[in-house]
Each structure stands twice: as C-alpha cells, then as structure tokens.
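**Q** Single-letter residue listing:
Number of protein chains: 2
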Amino acid sequence: MSEYRKWTLASHPVGVPDRDCFALVPCAFDDIEAGEVLIKVDYFSLDPGMRGRLSGDSYAAGLKIGDTIESAGVGTILASKSEKFAPGDVVSGALGWSEAVVHRDRGLKKIEQGLLSEKLSATAFIGVLGVPGLTAWFGLNDLGAPTQGDTLVISSAAGPVGATCGQLGKHLGLRVVGIAGGPKKCAYLSDLGFDEAIDHKAGTPLNAAIAAACPDGVNIFFDNVGAETLDAALVNMAPNGRIVVSGQVAEYNRENPIGIREVTRFITHRLRMEGLVVYDYAPKFSDAISQMAALINAGTLSYTEDIIDGIENAPDAYAGLFGGDNFGRRLIKT
Amino acid sequence: MSEYRKWTLASHPVGVPDRDCFALVPCAFDDIEAGEVLIKVDYFSLDPGMRGRLSGDSYAAGLKIGDTIESAGVGTILASKSEKFAPGDVVSGALGWSEAVVHRDRGLKKIEQGLLSEKLSATAFIGVLGVPGLTAWFGLNDLGAPTQGDTLVISSAAGPVGATCGQLGKHLGLRVVGIAGGPKKCAYLSDLGFDEAIDHKAGTPLNAAIAAACPDGVNIFFDNVGAETLDAALVNMAPNGRIVVSGQVAEYNRENPIGIREVTRFITHRLRMEGLVVYDYAPKFSDAISQMAALINAGTLSYTEDIIDGIENAPDAYAGLFGGDNFGRRLIKT
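Protein chains in written order, with the numbering used here: chain A, 1 to 334; chain B, 1001 to 1334.
For the record, the hints were derived by calculation from the structure and aren't laboratory data. Incorrect hints may appear among the rest.
[Claimed, not checked] Here are the in silico distance ranges between beta carbons for each label pair:
hint: 1; chain 1: A; residue 1: S55; chain 2: B; residue 2: S1286; range: 51 to 61 Å
hint: 2; chain 1: A; residue 1: S55; chain 2: B; residue 2: A1010; range: 52 to 62 Å
hint: 3; chain 1: B; residue 1: G1062; chain 2: A; residue 2: G149; range: 49 to 59 Å
hint: 4; chain 1: B; residue 1: G1173; chain 2: A; residue 2: K184; range: 32 to 42 Å
[As the list claims (entries may be wrong)] Among chain A residues calculated to face chain B with C-beta under 7 Å, some are:
hint: 5; residue: V102
hint: 6; residue: R106
hint: 7; residue: I111
hint: 8; residue: G226
hint: 9; residue: V245
hint: 10; residue: E251
hint: 11; residue: R254
hint: 12; residue: E274
hint: 13; residue: G275
hint: 14; residue: I289
hint: 15; residue: Q291
hint: 16; residue: L295
hint: 17; residue: I296
[As the list claims (entries may be wrong)] So the derived list for chain B, only partly shown, Cβ under 7 Å to chain A, looks like this:
hint: 18; residue: P1205
hint: 19; residue: L1206
hint: 20; residue: A1209
hint: 21; residue: G1226
hint: 22; residue: V1245
hint: 23; residue: Q1248
hint: 24; residue: E1251
hint: 25; residue: T1264
hint: 26; residue: M1273
hint: 27; residue: Y1279
hint: 28; residue: I1307
All residues carry an ideal CB built from backbone N, CA and C; glycine is no exception.
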C-alpha cells in the first residue's frame, strides 16, 4: 500500500448530492509526526445527517471544496508515534471517506476486543454504540421523558436511529409504533418487537394511520423525517406530548424548507418539541455505551448493517439513503 | 333592572368573526337557588385566544349555537344565597359577555378592596393579574427559563400579555426586544422600558430587523403571533434557545394554517418550543398574583386598558383585535 484514495468535496450539492459533487483523489502516505498515528480505514459510515455540512451552512462547520468528506469509521493502526496506540489496535473515530488517514492520537477510541462477541462487532462502535445509537438513547431517555405505558411513535423507524430507539422503548415498557416505507421494512420492525408498523407507502393517509395505531394519542414522537410526517404526528399528539427532533431527512435536500403547519397544537395540547445534538451528551457517552453493549450481549438490543464493498461506491450509496433504499446502518467496507 | 342583555353565539365564524356571528339576547332575571349568586357584570374582557372556542374545535370545549360568549369579567354581587358572598362584594370570574349572570358560588374570586390602589384597579384581576398576566408570568418564568443577560424577544409586545412579559423580563435583568405594529405601539414599548422596539409595519423584513436588534441571537422568543413571525424568530435563535408558544393570533382566523418552515433549526441550534396553557398552573396562581400586585404597587409593573363603553359594541371591538387596532387590554364596560 504505497498510495491510498479518499473522497473530497468537488462542489457544494443542491438537492440530493450526485457523484459529480465528489472527487476520488489518490494520496501518497505522509510521514507521521510525534503524537500521530497512521490508520488503515476498514469501514466508514454514510449518514443522512451529514448532508448539511456538504452545503456549508449547518451546525458543524461546513466543508470547503477539496476537504475530505467526513464520517465515522473503524480502522486498524498501521504505524504509531503515540504512546496511546500500537500497531494492530482497532480504533473508531472521525476517519472520513478514505482508505487511510494520518490522525492525531486524540478523538480516537480504542475498541476493547474483550467487548466484542458474536452479537457485537467492531462496526457497532460507529453504529448502535456510536452516533446513531447514542442519538436514540439520549433522545428517548432525556428529551422523550418516557413513562411506562406511554405510546412512542418513530419515523424512519427501520433506520439505525429508529430501530435502536424502538427496541429501547420496548425495553422501557412503552407501546412502540414505527413508521417505515414498504412491507419488508415493516416486517423488520415486527421482528424487532415493535407493537405496530405503519407502512407510509401503503396508501392510507399518514395521520389516519397514526390515529388508528394510537387510540390514546402519541405521548412521544421521535422524528427522523420532518415536514408532512411531523405534521401527521402533531395532530395525533396526546396532551403534554413530547416531540424529539432527531433528524429531518425530508428537509435536507430542499432549497426551500417544507416545515409544519399544525403549530397551534402546541397550545391546545401543551406540546414540547426539542432538537437533539448528540455531542451535547459527550460526558455521558461511556455510561450509555456500557448499558447498550450489555443489552446487545443479552440479546435485548439488535442492530442491522448494510455493508457495501468498495470505496468507489460511496457517493451512489450515500445518495441512495435519501431514496430510502437502505436497510439498517449503511457502511462502506474499503 | 328587570331585564338584562347578553351576547350568544349565532353562527360558527369562518375567518374574523363579524357581528352576524353573535346575537344580543334580552333575558329575564331568574330566581337564584341555594349556592348561587346574582352578579351585575361591570366589565368583561375581549380575548383573541377565545377565537378557537367559537369554531368549536379548540382546547376548551367549543361553544354551541345559543351559548353565551365566554370571557373573564368583574362584577358586583346583587343577591346571594351563598355564605361565601354578600351583596356589594366585587368578584372576578368567567362571567361572559353579559350585563348580569346567575353564577354558582364556585369559580369566583372575591377582590380584596385593600389590595386596590391608584395603581391597581379591580379590572386588573381580569388583566395583568388575570389570564394575560399569568400567561406572561408562567410562560416567561417556567417555559422561558430565563437567565440574567438573556435576550428576550416578544411578538405582539404591546398587547396585554406581551407588555407584561417585557416588563417582567426587564425586572429579571434580561435584554428585552418587542415586536409591534406602528410607531405609537413602539413608543409605548419604550415607555415601558423595553430595550428595543421593532415596528413590523416599517418595511424592514422581520428576520433582518430581529438580527439587527439581537446581535448575540435570541435566547427566549415569547410568541403571541406564530406563522411568519415565528419563522423570523427561529432563524435568529441562539443555541439552546427557548420558544414559548403563548398565542398564535396569525393562525386563529385561518381555515388552513400557515405554520413554520425553519424546523431544521431545532437540530442545528438545539431549540426547544413549548406550548402554554395557563390553567395548568392554577395551584400557583395566588402566589404569582401576590408577587405581581406588589410589583404594580411598587411602580415596577404597569398595565394599560382600552375600555369601550356599551355591551352592544362587543362584537366589533372583538373583531378589531385581529386587525391590531387595540392598545392595551380591551374591556367592555357594560
């Protein structure tokens, strides 16, 4: 391996990012300095929530043309000038859409091999035990303020955040209803133990489908979609309902946002809506990861990965996320 | 007084309610039963927030055709078959758009004459010390979660809720910016001690005007208007900002709601939006009223009333609220 490849930003996308927005660039290995490590990237993730950074106008600093596309990854240390890591260590961190990376020895997490099992692979640390899983954990437990017997509705429920959220909700004694597109995803929700699955492609208007599935109203709506989906939930919220704004995938590729109409419900039903930035909970990550790892090894919490081979496929696989063609956490195996 | 008049609902309004939606009905005095009192209504209030009940689809039970129009009022006991009240007592309660009412002895509050002063009239108990003032108090103190130095922006700031909220905000050490329509209302906000007043009729787009008035962003947006006004505030919220949904006067007369577009800001700026129903705080009303009465008598909190003479003028005076032609709390003197 004398050279490696990485994806950089070629142009700021408008709408769903196509392949022309990205450039696959060959790189020579640089020497590493004191405090740095060289990592061979084994897997990296594809996240709809990263879309904002491509436009350069979101919460994390926007990417500039030529920047490496950011993502979480799992890799193996090839060379180290740090006391913290040795060659052969497996680490997770913000490794980017790349086959290799020279990285400071900060911001990397060494994956303890003893935690891994048949049920728990290293890639879990950038999935169910990474940002998507932690988003579900803190969104549900903190902003959702769940009480046993509450009805929890989740949009994009078959995605990595939604699927984790629903299983955690069942573990807490909630009635869990998932919204997903198509019979295959809905069957997956049933397999995960969801009480009901709403197929938003089945033709029933979504607000009627939610009403039918939630006769006592919705106490917690965990939203990954936004726009009309959020409005359909709003008109079904029970008094004092909580809306967790985890993602707004229906909005990310639009020049003009769609938004919501049913704002007066906030008054008539005393609703609360709150946005989640998972990094705000960083001091509590370790504890949450331990608890979720125990749930995974106990068979209470499962996760699904959608692994695509080859770094060259990253842009198409990323665009596909916005058409809902993935099933589980989408990763690239480099 | 052998007969009195009251306004009843003649038809459910669509849009701004006009006079034809109401009927002024003559009534004979009924005998009162044990546990009842007969009240001469001296003043009653006109509230935009009551609009939903006229359509019959809001949080409190909707009115039926023929029902007396509901409102807060101040009146004098004429006759009593209750130990709680004696003739001559002045009371506040839900007396309706009426010149007189037979009322159970529950749900009425006797106004202690000792509390009244040159600065504090009996009508304050259906205004600054009634629902509008309590809405400002609990919306700001509970949902707003204010911290000294925060920037508070208030829409419909010259109305009874907004004017109270702004003065309470100044008392708490906040920077207070009010949005109102026209130079007269903006001058009123300055007189009340607001730091800045934005005239939304002055031609500057509202989001630019808020940005100019709030260089560090908006920590608390206390919203009485909704729709485009709420969107203009959303794009100016500081991280972790709170939005108090107190009223949505821009939405009340619309068949199809306008809503908001900038929902992704909830994620990028970790925003929280919560609706307020003041009656949820009923156990804490007495304490809040005492504290606000003390502020009034100390000259820290003032209020303005817009008193219109004659029960026959109630419908036109009510419709005028939606055109913004009032100044202070609008009351009818019967």
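**Q** Evaluate each hint against the coordinates.
**A** Consistency of the hints with the structure:
| no. | hint | in the structure |
| --- | --- | --- |
| 1 | A/S55 x B/S1286: 51 to 61 Å | 52 Å, holds |
| 2 | A/S55 x B/A1010: 52 to 62 Å | 54 Å, holds |
| 3 | B/G1062 x A/G149: 49 to 59 Å | 29 Å, violated |
| 4 | B/G1173 x A/K184: 32 to 42 Å | 57 Å, violated |
| 5 | V102 | 30 Å, violated |
| 6 | R106 | 24 Å, violated |
| 7 | I111 | 28 Å, violated |
| 8 | G226 | 6 Å, holds |
| 9 | V245 | 4 Å, holds |
| 10 | E251 | 5 Å, holds |
| 11 | R254 | 10 Å, violated |
| 12 | E274 | 4 Å, holds |
| 13 | G275 | 3 Å, holds |
| 14 | I289 | 22 Å, violated |
| 15 | Q291 | 23 Å, violated |
| 16 | L295 | 26 Å, violated |
| 17 | I296 | 27 Å, violated |
| 18 | P1205 | 16 Å, violated |
| 19 | L1206 | 16 Å, violated |
| 20 | A1209 | 21 Å, violated |
| 21 | G1226 | 6 Å, holds |
| 22 | V1245 | 4 Å, holds |
| 23 | Q1248 | 5 Å, holds |
| 24 | E1251 | 5 Å, holds |
| 25 | T1264 | 5 Å, holds |
| 26 | M1273 | 5 Å, holds |
| 27 | Y1279 | 10 Å, violated |
| 28 | I1307 | 27 Å, violated |
Of the numbered hints given earlier, the model fails hints 3, 4, 5, 6, 7, 11, 14, 15, 16, 17, 18, 19, 20, 27, 28; all others are met.
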